Each structure stands twice: as structure tokens, then as C-alpha cells.
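*Asks:* Listed here are the chains, written in short residue letters.
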Amino acid sequence: MTAAWDLRELVVRQGGRPALRGAGLTVAAGEMVGVIGPNGSGKTTLLRAGLGLLRRDSGTAALSGRPIDAIPEPDRARLVGYLPQERRVGWNLASLDIAALGAPDLSPAAAREVARTCLARVGLAGFEGRGVLEMSGGERARVLLARLLATRAPLLVADEPAAGLDPDAQLLTLELLRAEAARGAAVVVTLHDLTLAARFCDRLVVLAKGQVAADGPAATALTPAVLRTVFGLEGELIQTPTGPVVSARRAS
Amino acid sequence: MRRRTGLFLLIALLLAATVLAVLVGETPLRAADYLTALAHPGSAPGEILWTIRAPRAAMAALVGGALGLSGAALQGLLRNPLADPGVLGVSASAGLGAGVAIALGLAAIPGAIELSALAGALVAGALVVALAARFREPETLILLGVSISAFAGALSSLVYNLSPSPVTTAEVLSWMLGSVANRDWPDLVTTAIPAAIGALLVAWSARGLTMLTLGEETAALSGLPMARLRAAAVGGAALLAGASVAAAGIIGFVGLAAPHLVRRFAGDDPGKTLLPSALAGAGLLVLADLAARVIPTEQELKLGVVTALFGAPLFALVAWRAARSWRS
Numbered sequence: 000m001t002a003a004w005d006l007r008e009l010v011v012r013q014g015g016r017p018a019l020r021g022a023g024l025t026v027a028a029g030e031m032v033g034v035i036g037p038n039g040s041g042k043t044t045l046l047r048a049g050l051g052l053l054r055r056d057s058g059t060a061a062l063s064g065r066p067i068d069a070i071p072e073p074d075r076a077r078l079v080g081y082l083p084q085e086r087r088v089g090w091n092l093a094s095l096d097i098a099a100l101g102a103p104d105l106s107p108a109a110a111r112e113v114a115r116t117c118l119a120r121v122g123l124a125g126f127e128g129r130g131v132l133e134m135s136g137g138e139r140a141r142v143l144l145a146r147l148l149a150t151r152a153p154l155l156v157a158d159e160p161a162a163g164l165d166p167d168a169q170l171l172t173l174e175l176l177r178a179e180a181a182r183g184a185a186v187v188v189t190l191h192d193l194t195l196a197a198r199f200c201d202r203l204v205v206l207a208k209g210q211v212a213a214d215g216p217a218a219t220a221l222t223p224a225v226l227r228t229v230f231g232l233e234g235e236l237i238q239t240p241t242g243p244v245v246s247a248r249r250a251s
Numbered sequence: 000m001r002r003r004t005g006l007f008l009l010i011a012l013l014l015a016a017t018v019l020a021v022l023v024g025e026t027p028l029r030a031a032d033y034l035t036a037l038a039h040p041g042s043a044p045g046e047i048l049w050t051i052r053a054p055r056a057a058m059a060a061l062v063g064g065a066l067g068l069s070g071a072a073l074q075g076l077l078r079n080p081l082a083d084p085g086v087l088g089v090s091a092s093a094g095l096g097a098g099v100a101i102a103l104g105l106a107a108i109p110g111a112i113e114l115s116a117l118a119g120a121l122v123a124g125a126l127v128v129a130l131a132a133r134f135r136e137p138e139t140l141i142l143l144g145v146s147i148s149a150f151a152g153a154l155s156s157l158v159y160n161l162s163p164s165p166v167t168t169a170e171v172l173s174w175m176l177g178s179v180a181n182r183d184w185p186d187l188v189t190t191a192i193p194a195a196i197g198a199l200l201v202a203w204s205a206r207g208l209t210m211l212t213l214g215e216e217t218a219a220l221s222g223l224p225m226a227r228l229r230a231a232a233v234g235g236a237a238l239l240a241g242a243s244v245a246a247a248g249i250i251g252f253v254g255l256a257a258p259h260l261v262r263r264f265a266g267d268d269p270g271k272t273l274l275p276s277a278l279a280g281a282g283l284l285v286l287a288d289l290a291a292r293v294i295p296t297e298q299e300l301k302l303g304v305v306t307a308l309f310g311a312p313l314f315a316l317v318a319w320r321a322a323r324s325w326r327s
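Here the protein sequences line up with chains A and B, keeping their order. The opening residue of the first sequence carries number 0 in numbering that gives the first Met the number 0; numbering runs sequentially from there. The opening residue of the second sequence carries number 0 in numbering that gives the first Met the number 0; numbering runs sequentially from there.
Treat the hints as calculated values from the structure; they're not laboratory data. Be aware that one or more of the hints could be misleading.
Here are the simulated distance ranges between beta carbons [stated by the list, open to error]: (1) A/S135 <-> B/I10: 37 to 43 Å; (2) A/E133 <-> B/S164: 55 to 61 Å; (3) A/A69 <-> B/R2: 38 to 44 Å; (4) B/G110 <-> A/S135: 53 to 59 Å; (5) B/L8 <-> A/G125: 30 to 36 Å; (6) B/V293 <-> A/E133: 41 to 47 Å; (7) A/Q84 <-> B/I294: 51 to 57 Å; (8) B/A11 <-> A/A108: 28 to 34 Å; (9) B/G152 <-> A/A250: 56 to 62 Å.
Quick caveat: nothing in here was measured; it's all calculated off a predicted structure. Cβ coordinates follow ideal geometry from the N, Cα and C atoms, glycine included.
Work out the full structure: start from the sequences and follow the hints.
*Replies:* Given below as C-alpha cells:
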């Protein structure tokens, strides 16, 4: 089966410094993959280079088996939806209009219908007419998540979708992405919260200094050795009745 | 519905301003004269109305509309409420083109200054389109535009510096202050052609401007042909700015203020501020030109002076009231 997203041996240099040194990842339909690693390990760079938003020095990137550079700009949207880490919105559009931007392929009326459904899914029913710049940061993040869901793309890539959200919104965000995977989408998220990553992702890709340090289910990817060498933590992944928990303290 | 009412009011304002600009002027006319003018366009009152005032008012509307549309497109593209038609250096380059024509003594040839100004605008516009394809961050584009503007300004200074005739500077300065006086219908057509092409390009780019609200990266993966839409927005805005400067010199504030004025009813969506901004710009400039004509001064006021005098305080007021909406 063709992977929804297949990144191999990506090398990216930024400002003379290597940001990615041969990292890669694959994700199949129905699978949710978490990309984790310390700040500066190359998570965002991997996503951006893999989506063709950043120049690669070497390596290959393919969407649904097609080399990304060979896919015309408008066709890429049919294959992937992307939620960047940056949540700046330029103008004070109504949240319904922002969410509807996820579906420019539809007629305006149909796009608004999809947007309305997606806003309801992120818990913002009744907020359709609210200007995004008049909302709190957390509400705005949910509007942008609704826009991602409105793309209905077979691959959803979300960079730090849980950052800066309250615990309830973090869980809602990851549950929604999990539901997309259950419906058959391939989902890739970057996360800093290792417990959330272990709970929601089928597989974790651990990045360290631009390379893949581990790739596999949480139990094999978050070993005490990986926690120590990659994250500088003394600890382990513990199974609890409510799910796995990463218990750790800073290594001295 | 609020948007439709606003558009209707803008159209009504533009029509009323234009009718007023045709009816009112330095030469006082009696009611009977207006009837004569309507019945016999060739009569003396007819000449005043149809060959002096009407083309002048139409030119003011065209130039104002071009500036308003150009400003709205650039504010949307650059996601910056401070952007105006001058921000990419196109206006300064058009000024350079006019300065060169005047310094070379071509002012006597009809249309030479305008054509040279348009050529300057097109060269700068092409450069900006090429730069916009290469650099996508709004901040970079603005900085490059400021550089082009400064360089064109420096070249203009060089032209005056090296010009043997001391009259050149005065002539260029007077031209730069902006005016739509003594325009005839053929002048209007010459300006309308590049402006119409620019307007079509900008109108086509509207979806892209709206999508850019979410930033360059989201837009790049949105499914819209962003590279082409951006080029159309930049090129269209440059053509509009160039056509207006070539036709009427440098007129400030209209392109900056028009989008702000209409956001109150049309909303923030950059794609939806385009048409209202064009209408608002047109109405404002017709009124400004009317003011320039009827304010009794020794020498008729220049249009650019009027827009700056009235525009600056008005804009400060609008910016103050709007500040809340773009503080995020």
C-alpha cells in the first residue's frame, strides 16, 4: 500500500547550520504519527520540507506516491491539509469565514456548510459570526483546527496543535485528529507533551539534532535510554489504568 | 445586508459628488444656462460643463478609484493596514519617469510626461512582481519596496541636480503635487486602459488575498494557484498606481484611507474590501477636486495638497477608531 506521506533522508541546511540531517518518516492511511523531540530537533523543519514549503538540500518527499515537486500547487491541497504552528491571522474575519477557507474547492455555500459542521466539532457552535481577532488564543486555535478539518484531505499535518491550550482543549484537539485517523485519514502531529503523544499516536518518530533517534509505538520509542539521551530526562513510560504516562525528572 | 447598504451608499455618494462637480465651478451659471448646456452641448455653458468640468470630474473619479483599489489590494497582500499604493516604489518610479521627461524638455509634447511616468511605473512594477515571486514574506517585500522608492527618489534628485534648466525642479514639483485640471476625454481613455487591466488583475486575485489572511504557508497549501494570484495582485496594484500617478501626479492618503473607511461596513476580508475601496476612493477624490476648485485661493489648490490637508486628520481619526480591530 502506498504511504500517504513518505519522507526519506531529508537534509536541510538553514543559515549554514544543518537543521535536518537525513530524517524521514512515513505515514499510512488510518494511522496517527507523532513527531516528538526537544526544541530545535527539526520537527517543524521536517514537516515544512516534507510539504515543499522549504527547500531541501537532498532527500525525497512524496504525497500518495507522487514526488511533491511534481504535484501542481492546486492539486497538493487535495492530498494534504496543513495547520502551521504560527496562529497569526491577518484580518478580523468571522470564524465561519476562516473555517470555510479550508474548502476553497467547494461552492461558497457548500464551504460554509462544511465550515459550520467543523466549528461544531471543535465546540464552537454559536460562534460562527465572531471575529477571530476578538477571540481568545485558545478559541482562535480551535477555529484554525476547524479550518484544517474542513480540508477533508487524506493527509492532515498539524504542527503543535496542542500548544498553549488548556487541558480540555488539548484532549479535544487530539481526539478530533484521532477520529480523522479512524475515518481513514493519515495524521501527523508534532507534540511536546510526551504523555499526550504516547496516548494518542499509533507511532512516534523521535527526532534528535535533525536525525531520527527512534521510530515505533510509544513502548519502544520512549525507552528510558531515549528519554535520557534525546530529552535529558531520567524516567520511564508507565502503564496506568487511564493510559500510559511518562514519568520523568531532569537528568542531573 | 449591511455590506449591500454600504455599497449602495458609496455609489450614491460617488454619483452625487460627480453631479455636484459638474454643476459647481468657478464660472457661475444660472438655471437657464444648465438647460442650454443640456440641450446644446456646443454652446458656451455646454462647453464649460461637458469639455471642462465633466472630464475633470471623471478623471478624479478614475484616479481616486484606481488609488483606492490599489491600496486595498496591497493592504490585503501585505497584511498591513499601513500599506498604500506608494509602498512598492511604483509611485516614486512613475515620478522619476515624469521628471526625466520634463528635464529632457519633452513637456511640450502632449502625453509625453504621462507616457514616461507610466513607463517608469511599469519598470518598477515588473521588478516588484519578480521580487514578490522570490520573496514571500510581507516584511521583505515592504523593505524592498522602500528601497525601490528611495532609489527612484535619489535618481529623480540626480535628474534635477544635473538638469541645466533651473525651471525643471519647479515644473516637476508642480506636477508631483497632483492635479486633474485641464483633462479631456482622450486623456481619460489613456488612463482608463492600464487602470482597467490593473483592476481586472486585482479582481481576479481577490480569493488569494482572502486566503493570505492565514499566512503564506497555509495559503501555499490551500489549493489556490497562489503564485499566479500573488503576481496578479502585485502587478495589478502596480498598474493601478502607475496609471494614476501618470495621469494626475502623486496624490496621497486616498489609497491608504479608502480601505480603512470601508472596513467599518464591508468587514476585514481583503477580497471584499476591493470594490468598496475603489468606490470610496473615487468619491473622495471627486470631492477633494471640487474643494480644490471652489476654495477661493490666489492660485488654484493642487489636488495632492487638498487630499493631504483633509486626508491626514481624517485618516488619524479613522486609524484611531480602527486600531482596536487590528490589535491582536
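*Asks:* Any of the earlier hints contradicted here, and which numbers?
*Replies:* Nothing - there is no hint that the structure violates, so all of them hold.
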